[in-house]
Structure formats: structure tokens, C-alpha cells
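K.L.:
Chain residues, written in single-letter form:
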Amino acid sequence: MEEKREDGRSATQLRPLSCTRSVLNRAHGSASFSQGETKILAAVYEPKAGTKKNENPEKACIEVIWKPKSGQIGKAEKEYEMILKRTLQNICILNVHPNTTTTIIIQVVNDDGSLLPCAINPACSALVDAGIPLKYLAVLCIGSQQARRTEYEGTGLFMEVGEKIKNGVITSVTHGVMTVSGTRTRRNQAAV
Amino acid sequence: MKAGKLRFAKPNKYWVESSHKRYVPCAGDTVLGIVVDSKADNFLVDIKGPTLAFLPVLAFEGGTRRNIPKFEMGTLLYARVVMANTGMNPELACMDATGKAAEFGPLKDGYMFESTTGLSRMLLKSPPCPLLETLGKKLAFEIAVGLNGRVWVNASSPSIIILVANSIMKSESLSPVQQKIMVDNLLQRVQ
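Chains A and B, in that order, are what the protein sequence lines are.
Using the numbering used here, the letters of the first sequence correspond one by one to residues 1 to 192.
Using the numbering used here, the letters of the second sequence correspond one by one to residues 193 to 383.
Treat the hints with care, since some could be wrong.
Unchecked claim - Label pairs and their calculated CB-CB ranges:
id: 1; chain 1: A; residue 1: C19; chain 2: B; residue 2: R381; range: 33 to 41 angstroms
id: 2; chain 1: B; residue 1: A293; chain 2: A; residue 2: K78; range: 52 to 60 angstroms
id: 3; chain 1: A; residue 1: N25; chain 2: B; residue 2: L316; range: 46 to 54 angstroms
id: 4; chain 1: A; residue 1: E58; chain 2: B; residue 2: G328; range: 43 to 51 angstroms
id: 5; chain 1: A; residue 1: C19; chain 2: B; residue 2: T278; range: 25 to 33 angstroms
Said to hold, decoys possible - Straight line, CA to CA, 27 angstroms or less: simulated DSS-like cross-link-like pairs of lysine-lysine:
id: 6; chain 1: A; residue 1: K59; chain 2: A; residue 2: K39
id: 7; chain 1: B; residue 1: K197; chain 2: A; residue 2: K53
id: 8; chain 1: B; residue 1: K194; chain 2: A; residue 2: K85
Just so you know, these hints were derived from the structure itself, not from any lab.
Built from N, CA and C at the ideal position, the CB exists for glycine as well.
Please work from the sequences and hints to get the whole structure.
P.N.:
Spelled out as C-alpha cells, the structure:
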């Protein structure tokens with residue numbers, strides 16, 4: 001079922017991607033990622049001593065700060081921060097520097113839709129640029145099903161270091177209504 | 193697991209070399225630290241790592257309780273990392289393994305700037321990198337390189353210091369031949 005979207009793309013076509021590393025001079029790691037018109041800048045600052053109150057002192061803590069293009073920080077930004085934080089906590093090796101905080105700052109430069117998937121990629125590239133030890137690299141995959149008008153955005157494991165390519169899903173964000181079997185088929189399709 | 197270039201040395205040594213702005217403390221490294229605070233038993237020194245490092249007050253050549261050195265906040269020190277375990281603050285010493293001073297200690301005058309760890313390693317290579325050789329043939333200067341990404345330069349006049357610092361900062365991504373060409377151009381412009 002090939003429906004054309006507003007800008008002429010088919011249902012399974014992505015917008016042009018581009019990624020640049022080490023864009024910021026003072027940050028320990030930085031990356032800029034753009035997908036079509038959506039552009040996001042990520043900066044990583046090294047482990048600093050001390051963790052927050054509720055966090056485990058045996059492990060490193062990751063702090064994500066999301067800066068929208070304009071306007072005040074509200075609930076939506078907090079939600080993005082939380083999702084990104086959980087995803088990145090699964091990728092990073094947290095035992096290397098216990099009792100430290102790594103800060104990741106996401107700045108939205110231009111917003112043209114699909115912000116969250118677009119933000120995972122520069123966050124991960126900036127972590128690699130800073131030299132933070134990672135277990136895997138996280139890439140996003142987007143699926144959408146035009147027929148039922150639902151969109152499924154997910155981030156998946158792209159590569160396990162030391163082993164063959166094996167796909168798994170770390171985080172998935174769904175909007176809309178789907179049956180349970182629909183969710184599973186979407187997930188399997190995304191894993192391929 | 194860090195990203196970097198795969199290096200090979202005969203007969204069978206492979207390793208991944210990466211260059212970052214962060215420093216991970218490792219025992220046996222020589223680093224440039226800045227004194228942040230002084231406690232009863234040790235100085236707290238910032239070495240660009242995840243935590244501050246401790247420099248015991250007696251870790252100097254001929255150090256006793258009677259002649260404890262007094263460092264102000266902001267003093268630049270050239271020290272050696274004695275112990276660096278995860279979870280603990282690293283420990284420094286201003287003397288080498290045998291107890292001699294060996295150029296360790298506070299650095300006076302001069303100019304300190306930050307670089308990446310890869311650039312520090314390149315500056316400390318032996319035989320010396322072509323950048324330092326070419327600069328050394330024409331100019332007289334003194335440098336101290338810390339493996340934590342800090343470099344200190346001292347010379348008789350500020351213009352020489354600036355020239356050396358700029359050429360080091362620019363040479364990070366250049367090959368040896370390109371470094372030599374760049375330094376020759378800079379020197380020609382000055383003299």
C-alpha cells in the first residue's frame with residue numbers, strides 16, 4: 001500500500017540524513033544530526049564527581065537536558081529527557097566511573113517532526129566522540145502503518161560489539177491505537 | 193570500549209588508540225595538574241579526570257613535616273600518577289619512583305593550554321615529532337607535556353610562546369610532513 005505523503009515521499013522512504021561529529025570546541029564530545037529539515041545538536045560533558053541523591057553511587061549517572069528551539073521547558077521536554085536517559089543508560093557501561101555524572105545536552109536547532117528519533121542518533125555519536133565506553137551503538141528505526149493511521153517509532157540495537165549483527169529493541173514509543181499482534185508485527189518488521 | 197584507530201606494532205601487538213578531551217587516570221602517567229584546594233594531609237589537584245586527585249604533602253623530594261610546600265590555588269604542577277583505581281581518587285607524587293625530584297614540581301611563568309590526549313602522546317613520542325624538532329632548531333623554548341591533555345610552554349619572549357602554542361594546537365590532525373611545512377611557514381612569517 002504505497003500512499004504518498006505530503007512532501008512526495010512514499011510510506012517507507014526516509015528523509016536525507018546527515019551527521020557531523022566534533023562540532024563544538026569546548027564540549028568533550030558533540031554531534032549534529034539532521035534528517036530533512038529537523039536538525040538536532042548534542043553535546044556531552046565528561047564524568048563529573050558526584051551523583052544525584054536518588055541514584056546508585058556504585059554506578060555512573062547520566063543526566064539529559066533537552067533544550068527546545070523556543071519556549072519554556074515543559075512536560076513534553078521532561079518526557080523526552082526521561083526517554084533518552086533510559087535509553088542511554090542501557091547503552092553506556094556504567095561501572096567504569098562510579099559516582100560520577102555524565103551530562104548530555106540536546107539542543108533542537110530546527111523542528112520538522114520526529115524529534116525523538118532524530119535525537120537518539122546525535123546523542124549516541126556525541127558519546128562515542130567523547131570516548132565514553134559504550135556497550136552498543138543505538139540507531140533509530142521508524143515504522144508507520146498508513147492504513148490504520150498509527151505511527152511507531154522505535155530505537156533499536158544496531159550492533160553488539162564483538163558479536164555478529166543482532167537486532168534488539170531498547171526503547172519504543174508508540175502513538176495511536178494498535179492491537180497487540182499489530183505491535184508485534186511492527187516490531188518484527190523494524191528488526192529486519 | 194572506546195572508538196579509535198587500530199594500531200599495529202611488530203611482531204604481534206594490536207591496540208586501539210583514541211584521542212579525546214577527557215583523561216582517564218592511569219598509574220605511571222605524568223600529568224599537569226592545577227591545585228584546587230589544600231587539606232591537612234594532601235593537596236587536591238585537578239587533572240581533567242572524573243574526580244580530583246590527591247597529592248600527599250610529603251610526596252616531594254626531602255619532604256618532611258617541617259618543610260611542607262605551600263601552593264596557592266591555581267598553581268600548575270607537573271606530577272606523576274602513583275595510583276589510579278576506579279572508584280577512588282587518584283594519587284599523585286612530585287617525585288619519581290626512586291624519590292628524586294626529577295623535574296617534577298610547580299611550573300612558574302609560561303603559558304598553559306589544553307589539548308587532546310592524542311596530541312599529548314604525539315608530542316611525547318621518541319624520536320621527537322617533526323613539529324618540535326623544527327621549532328627547536330630556530331627557537332629556544334621549554335615545554336612540559338601532561339598526558340592528561342595539558343601543555344605548558346615557556347620562552348624568553350611572549351611572541352615565541354604564542355608561536356609555539358599556536359603551532360602545537362594546529363598540528364593535531366596533520367601528518368609529519370604537513371607539520372614540518374606548517375612550522376616552516378609560520379617561522380618565515382615571523383623572521
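K.L.:
Confirm or reject each hint.
P.N.:
Outcome of the hint check:
Look at C19/A against R381/B: about 37 angstroms separates their beta carbons, and that is inside 33 to 41 angstroms. Checked against the hint of 52 to 60 angstroms, the C-beta distance between A293/B and K78/A comes to roughly 54 angstroms, which is consistent with it. The beta-carbon spacing between N25/A and L316/B, approximately 24 angstroms, falls outside the hinted interval of 46 to 54 angstroms. Between E58/A and G328/B the CB atoms are about 48 angstroms apart, so this pair conforms to the stated range of 43 to 51 angstroms.
Between C19/A and T278/B the C-beta distance comes to about 31 angstroms, which sits within the given range of 25 to 33 angstroms. Distance restraint check for K59/A and K39/A: the Cα-Cα separation of roughly 32 angstroms exceeds the 27 angstroms cut-off, and the hinted pair is therefore not satisfied. A distance of roughly 38 angstroms separates the Cα atoms of K197/B and K53/A; the hinted pair therefore is violated under the 27 angstroms criterion. A distance of roughly 20 angstroms separates the Cα atoms of K194/B and K85/A; the hinted pair therefore holds under the 27 angstroms criterion.
Hint compliance for this structure: hints 3, 6 and 7 are broken, all remaining hints hold.
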